[in-house]
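Quick mapping for you: the protein sequence lines, in order, are chains V and W. So for the first sequence, the numbering used here puts the first residue at 1; every next one is plus one. So for the second sequence, the numbering used here puts the first residue at 1; every next one is plus one.
Check before you lean on any hint, since a few could be wrong.
To be verified - Short, incomplete list of chain W residues facing chain V, as computed with Cβ under 10 Å:
(1) M65
(2) S70
(3) G275
(4) G325
(5) N440
These aren't lab readings, by the way, just hints derived from the structure by calculation. Using N, Cα and C, we set each Cβ at its ideal position, and we do this for glycine too.
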Amino acid sequence: METFINPKSLFHLLLLPCLLLYSSIAYNSSPVEAAMHTNNWAVLVCTSRFWFNYRHMANTLSLYRTVKRLGIPDERIILMLADDMACNTRNKYPAQVFNNENHRLNLYGDNVEVDYRGYEVTVENFLRVLTGRHETAVPRSKRLLSDEGSHILLYMTGHGGDEFLKFQDSEELQSHDLADAVKQMKEKHRFKELLIMVDTCQAATLFNQSPGVLAIGSSMKGENSYSHHLDSDVGVSVVDRFTYYTLAFFERLNIYDNASLSSLFSSYNPSLLMSTAYYRKDLYKRRLEEVPVTNFFGSVMETIHTDAAYKALSRRNSGRFEDEMSLDQSVHHIKRRMLIKVNDGDEIHDINPEGEEGASKCPWSTFRKKFQKAENVDSLLNYGLVAMIPLLVISTWLVQ
Amino acid sequence: MAETKEKSLSDEKPKPRVRPIVRLGIFLISHSFLVSVVCCTAGVLALFLLPVLAKNTYISENALMPGSASPMLSNQHVSDGNRLVKDLTNPNSKSSETGIESHKIIAQYMLDLGAEVSFHKFHPQMNQFHPLHFFSSPVSGKIQENYSCSSYGINTVGIIRAPRGDGKEAIVLVTPYNALKSGFGEALSLGIAYSVFSLLTQVTWLAKDIIWLVADSQYGEYAAVAAWLREYQTPKFSSLSTPNAEMCPDVNNLFELKGHSISGSKFSNSFRRAGTMAAALVLKVRDQNEQFEDTISIYAEASNGQMPNLDLINVVNYLAVHRQGLRVNVEKLWPLLNSSWLKSLGEIFESLAKVAKSLYPKWKFGIPATEYVEGTATLASSLYYQALGVPTGPHGAFRDYQVDAITLEISPKFSLDKVWRNDILLRGGRLIEGVIRSVNNLLEKFHQSFFLYLLTSPSKFVSVGVYMIAFALLIAPLPMVAASLYVDANSSSNCSKGDSSTPSAITDTDEHGIAIRSWRWLNSAKLVFIVHLWGAIVSLLPYFISQIPDCSPTTSFMIWVLLSILSLLTLNSVLASPLACAKATQEKEWALVKSVTISSVFIGLGLMSVINFATAEIGALLMVPMCLLARPLKLDVRAGTLRSFCRLICNLVLGHIAFPPAAFFLLKGMLDGFGNANVGDFWMWVESLWAWNSATYLFIDLTWRAHAVVAHQSCMMFWNLDVLVLSL
Numbered sequence: 001m002e003t004f005i006n007p008k009s010l011f012h013l014l015l016l017p018c019l020l021l022y023s024s025i026a027y028n029s030s031p032v033e034a035a036m037h038t039n040n041w042a043v044l045v046c047t048s049r050f051w052f053n054y055r056h057m058a059n060t061l062s063l064y065r066t067v068k069r070l071g072i073p074d075e076r077i078i079l080m081l082a083d084d085m086a087c088n089t090r091n092k093y094p095a096q097v098f099n100n101e102n103h104r105l106n107l108y109g110d111n112v113e114v115d116y117r118g119y120e121v122t123v124e125n126f127l128r129v130l131t132g133r134h135e136t137a138v139p140r141s142k143r144l145l146s147d148e149g150s151h152i153l154l155y156m157t158g159h160g161g162d163e164f165l166k167f168q169d170s171e172e173l174q175s176h177d178l179a180d181a182v183k184q185m186k187e188k189h190r191f192k193e194l195l196i197m198v199d200t201c202q203a204a205t206l207f208n209q210s211p212g213v214l215a216i217g218s219s220m221k222g223e224n225s226y227s228h229h230l231d232s233d234v235g236v237s238v239v240d241r242f243t244y245y246t247l248a249f250f251e252r253l254n255i256y257d258n259a260s261l262s263s264l265f266s267s268y269n270p271s272l273l274m275s276t277a278y279y280r281k282d283l284y285k286r287r288l289e290e291v292p293v294t295n296f297f298g299s300v301m302e303t304i305h306t307d308a309a310y311k312a313l314s315r316r317n318s319g320r321f322e323d324e325m326s327l328d329q330s331v332h333h334i335k336r337r338m339l340i341k342v343n344d345g346d347e348i349h350d351i352n353p354e355g356e357e358g359a360s361k362c363p364w365s366t367f368r369k370k371f372q373k374a375e376n377v378d379s380l381l382n383y384g385l386v387a388m389i390p391l392l393v394i395s396t397w398l399v400q
Numbered sequence: 001m002a003e004t005k006e007k008s009l010s011d012e013k014p015k016p017r018v019r020p021i022v023r024l025g026i027f028l029i030s031h032s033f034l035v036s037v038v039c040c041t042a043g044v045l046a047l048f049l050l051p052v053l054a055k056n057t058y059i060s061e062n063a064l065m066p067g068s069a070s071p072m073l074s075n076q077h078v079s080d081g082n083r084l085v086k087d088l089t090n091p092n093s094k095s096s097e098t099g100i101e102s103h104k105i106i107a108q109y110m111l112d113l114g115a116e117v118s119f120h121k122f123h124p125q126m127n128q129f130h131p132l133h134f135f136s137s138p139v140s141g142k143i144q145e146n147y148s149c150s151s152y153g154i155n156t157v158g159i160i161r162a163p164r165g166d167g168k169e170a171i172v173l174v175t176p177y178n179a180l181k182s183g184f185g186e187a188l189s190l191g192i193a194y195s196v197f198s199l200l201t202q203v204t205w206l207a208k209d210i211i212w213l214v215a216d217s218q219y220g221e222y223a224a225v226a227a228w229l230r231e232y233q234t235p236k237f238s239s240l241s242t243p244n245a246e247m248c249p250d251v252n253n254l255f256e257l258k259g260h261s262i263s264g265s266k267f268s269n270s271f272r273r274a275g276t277m278a279a280a281l282v283l284k285v286r287d288q289n290e291q292f293e294d295t296i297s298i299y300a301e302a303s304n305g306q307m308p309n310l311d312l313i314n315v316v317n318y319l320a321v322h323r324q325g326l327r328v329n330v331e332k333l334w335p336l337l338n339s340s341w342l343k344s345l346g347e348i349f350e351s352l353a354k355v356a357k358s359l360y361p362k363w364k365f366g367i368p369a370t371e372y373v374e375g376t377a378t379l380a381s382s383l384y385y386q387a388l389g390v391p392t393g394p395h396g397a398f399r400d401y402q403v404d405a406i407t408l409e410i411s412p413k414f415s416l417d418k419v420w421r422n423d424i425l426l427r428g429g430r431l432i433e434g435v436i437r438s439v440n441n442l443l444e445k446f447h448q449s450f451f452l453y454l455l456t457s458p459s460k461f462v463s464v465g466v467y468m469i470a471f472a473l474l475i476a477p478l479p480m481v482a483a484s485l486y487v488d489a490n491s492s493s494n495c496s497k498g499d500s501s502t503p504s505a506i507t508d509t510d511e512h513g514i515a516i517r518s519w520r521w522l523n524s525a526k527l528v529f530i531v532h533l534w535g536a537i538v539s540l541l542p543y544f545i546s547q548i549p550d551c552s553p554t555t556s557f558m559i560w561v562l563l564s565i566l567s568l569l570t571l572n573s574v575l576a577s578p579l580a581c582a583k584a585t586q587e588k589e590w591a592l593v594k595s596v597t598i599s600s601v602f603i604g605l606g607l608m609s610v611i612n613f614a615t616a617e618i619g620a621l622l623m624v625p626m627c628l629l630a631r632p633l634k635l636d637v638r639a640g641t642l643r644s645f646c647r648l649i650c651n652l653v654l655g656h657i658a659f660p661p662a663a664f665f666l667l668k669g670m671l672d673g674f675g676n677a678n679v680g681d682f683w684m685w686v687e688s689l690w691a692w693n694s695a696t697y698l699f700i701d702l703t704w705r706a707h708a709v710v711a712h713q714s715c716m717m718f719w720n721l722d723v724l725v726l727s728l
């Protein structure tokens, strides 16, 4: 009897960690968390009207152009412009908006879809867009139809102060309004990840947010955000410093680059900005080095290849496949390149070889590096499996 | 006096549990002498400190953004302007006796640019004294009966419509032009305006219409602008208007002729309007000058000391100094610049500031002595012109319609050189363009910056919050002294009752006596009222005197004086019987009379400070010491001490200085030398005041009355003195 009990208890002891492992995997893949990043949305808001706030509209339109260039389609961009600078009578260049005095780029080109314009840009409408509580008559194009797989970029610019942002020179969005809206969005599974970017004075005060939110503001409390330069031809300042340097960062990128958010955040130079860009990441789970900017500013998602279709292609080949895609310049939204492991499906694979989780999440900047990494993972997995065999043999022998 | 006050204080003291504010009041009242000395000194000192306390101007309205756009005025536009100047100065254009030719030229030039052009005919309205029109604007659509076709002026008006604007707002550019005897300066100002105008017809950024008014200044610059504004702001809807210039055949001929000769449809005989005016600029170029560099003078004072919004001055100042390199001037009282006492005062302030800075490095309020002197001279002129209430240029007409306007007078340094002319056209034009572009950016009326301010230099100002302190300090003693005198008068009669010197006091029961005593001030009030009534009559007299034809100012003034004395005597005989009755008790009553006078002066000054601060300030400077020191001469003479003698001298001197004509002559003498002073000048001055409906006139009237009351007090005592002497 006793000889029987011992091996059994040993077996149970061995089984326990396996069960624990399994349960943790099961927990991680609960329905909310397990949602994949499936789409990208952008809400771009210019909150101030009047001619002398030309730059705010230029800021927003520049961001609009950038996110469009990086792949977010127009139907997934909610553009809110509080005033119409392009058709302002004071505009020397009718129907054109520039964000640089060299006038090389007209931001107000043929294909700008403004969803909320003029006096439609109110705090109420803004909160309705975020929370999705619209009146029935509001068309789909004016709604933020995001789901639990959405990455949302929320960009706001205007005049603000300590814990508020002015709308239309008549009302304010306060930080707790924003926090509340984000919380509601969270509850309603309206996003997977949310990046809030604010270019205003004392922007940092606007963030006391709920989880899952990454926030970046142009200035700390007590600091002003300044305009970048004056276009003496148009007669107004055309862009704000924070946005200018953000755009400068993005102009170097194309849809296939995988610069990380941390490289964006570290690109802000306080002496150039004349304010300190503040980013809040404590509520955000992933490491910024691993998150490419295109996760928010573009629409670049991982494609999951089912084994059935691509049996011959192991993971190590997927990178090469992507490379060929990029050479072909075929930019289909469905066939996104596979750069980063984001979803939990990947995490399941990564948990078994302990200590590899962090490394596997890193965005591999070059194909070669990635290739080596992928090989390592596979070999480790193999070694692990081989190591399991003696264990199995010993345990069966003990039971008998 | 002091003893009685202390007595009153001791009377108050035993009262249990007085609220702190009441106790403070009682304390102040009981020490009113000290308080008044301290307050008055502080008030005068604060006035002299104002240049030190002046702040730098800043552009308060975000929308203005002056100088953010680079000027677009090019040499092409300048040569356009030069062409107009040449055509206007061409002797052929001056041949016509009515100067119609030059108006035609201007109109043709405007039409060539594609602007809408119309002529506005007006009859100059002589400003007249309307006793009841002081605070009403000079609109009042009154139509003069005696139009004659011989005297009319023609304003040429060109309007550029903003190409994408809504036409609801407009910016006005005014160039006074006398076609009959225009100097080169006027032609040059037209050239500048034209070059700007020609630029503005081409630009795409106009949000407001541009109106260029060439005001026919043969009947005065102000009259022409005011006439046009009157027409602009009060449209006539009925065609049944009384005869006006259109009835005159020759004028009609002119316009028909024009209509034929000018091919465009943009010319119209009817009055043309654009939107509400956002701002107006009056542009002048001075003919002769002795400046070393190109300067530009800003004139801002409108009627009754109203000022345009400070932002407008800031914009002009900023653009002139930082963009066009022009020196900006505001009016100064030149004689003050050389006064040595002001310089030494400035040095004292400077050294004080140094000491303060050495004590605590963060205190930086000192300014150099020379700057102080200049600031004071500018401040004094600012105060003077605001106090006078007479606009310093045609911009005053705009202020009556709540339009912010200033006059810019460019004084170029060289003369008649071609290169120089182009340079001044370019810089002047760019300045105007910059201001217009800045105002064009405006979304609302000027409202951000100050309306109540005094300038100490083009870039420094004293705001209402600061200068009111000086004024408040100055008039603060008045109510206290009044209260103290009133208390004194009551308590002294109490004492006299105790001494049983007056028989009436014995017979009265206590309550009855108190009741009578508490209403006794009404007697004094009646006296004061009568004197004010006389003052009112005196101030209305000029209206009737001015009806007398062919009167030289001197005779008018004499008539005025005579009539005033006559009316005083009449009033005295008709109404002054109570005065005579009061004579017996006058020795005790004087305190009450003084108290009532001071109260009325206090109220008057307080009200005036709301209407026109500068007037109130100057009035307070004259009247407060006079009111505080006033005391029956007899009492002082009787007392015979040195102190009372000093007081008597002060009384007499102040009493004479504060007499408005005397004050006027004294000031004029100080500024221009006594040789030039003439009795008639005062008449002219007063005439100008009522012609401009200046509230200052009312105020002088008030001063007059207060003075009269005080003088009355003193003089009564004189008469008593005479009676005494005679009886002896």
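Hint-by-hint comparison with the structure:
no.	hint	verdict
1	M65	holds, 6 Å
2	S70	holds, 4 Å
3	G275	violated, 12 Å
4	G325	violated, 17 Å
5	N440	holds, 7 Å
Of the numbered hints stated above, those contradicted by the structure are hints 3, 4, listed in ascending order.
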